[in-house]
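**Q** Using the sequences and the hints given, assemble the complete structure.
Numbering-wise (the numbering used here), the sequence shown opens with residue 1 and increments by one.
Just so you know, the hints here were simulated from the structure itself, not pulled from any lab data. Since no wrong hints were added, every one of them can be taken at face value.
For lysine to any residue, the following SDA-like pairs were computed, each having C-alpha atoms within a straight-line distance of at most 25 angstroms:
1. Lys19 / Ser45
2. Lys144 / Ser102
3. Lys205 / Val165
Simulated restraints, written as ranges between beta carbons of each label pair:
4. Leu21 / Gly195: 33 to 41 angstroms
5. Lys144 / Thr20: 39 to 47 angstroms
6. Glu136 / Lys218: 38 to 46 angstroms
7. Asn174 / Ala140: 14 to 22 angstroms
8. Leu116 / Glu136: 21 to 29 angstroms
9. Leu116 / Glu79: 15 to 23 angstroms
10. Ala114 / Gly135: 19 to 27 angstroms
11. Gly115 / Asp212: 32 to 40 angstroms
12. Ala42 / Thr20: 14 to 22 angstroms
13. Glu79 / Asp212: 27 to 35 angstroms
14. Lys25 / Phe101: 36 to 44 angstroms
15. Gly135 / Leu21: 41 to 49 angstroms
16. Ile113 / Ser74: 18 to 26 angstroms
All figures in this text were calculated on a predicted structure; none of them were measured in a lab. Just so you know, even glycine gets a beta-carbon here, dropped at the ideal spot from N, CA and C.
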Amino acid sequence: MSALYSFHDVCKTYDEGEKTLEILKGVTMEIAEGEQLAIVGASGSGKSTLLHLMGALDSPTSGQVLFQGRDMTSLSPDEQAHFRNKVCGYVFQFHHLLAEFSAVENVAMPGIIAGLAKDTVFATAEEMLARVGLGEKVTAQVNKLSGGERQRVAIARALVMRPSVLLADEPTGNLDEGTGQQVADLLRELNRELGMTMVIVTHNKDLAAGMDRCLELKQGLLFPG
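**A** And the structure:
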């Protein structure tokens, strides 16, 4: 497998008044194309920051984050938007669904934003909802769905554009153990089926253990998990 992401001595700091907060202190790693990678670590260790760098949601203070050999800081605003819309899917701990819309409308949103034909977008959204086990909940308002169902809608939304990368930030963090296991199994299954690269940050040891590789982030550096 070839390297999809390459991190070279990546540092990330934030200024808090007169104090500088060091989050990442020289992270170097590679992520292979098609790999399932878990990143674990204590709350506040910088796991979400790593995902933000991978998803073109933030830039390093120093060092390089390369995607397919290209420095992500060189992407123009339009290229960043394209990357976030079509190349990279994102699943958040808090699903961030639009409560006033139906499941299928939420899942179709990335395609609508991309300006694709509505009929095609909604057909694909329905197919993806069926794929995550919600074929009978297509028209349901998301505020009437259970927590596990809402997270499945969020997964379907992240995958509707068939991204090559899925980034998941504590995808089972707000779910009970049984539902969390179902979501974890679904993510791994979709990773294999769609051939995408998947990076998950999690506190869930069982979820991390089921991935190809696990890394631990502590004191701003990555270590074998």
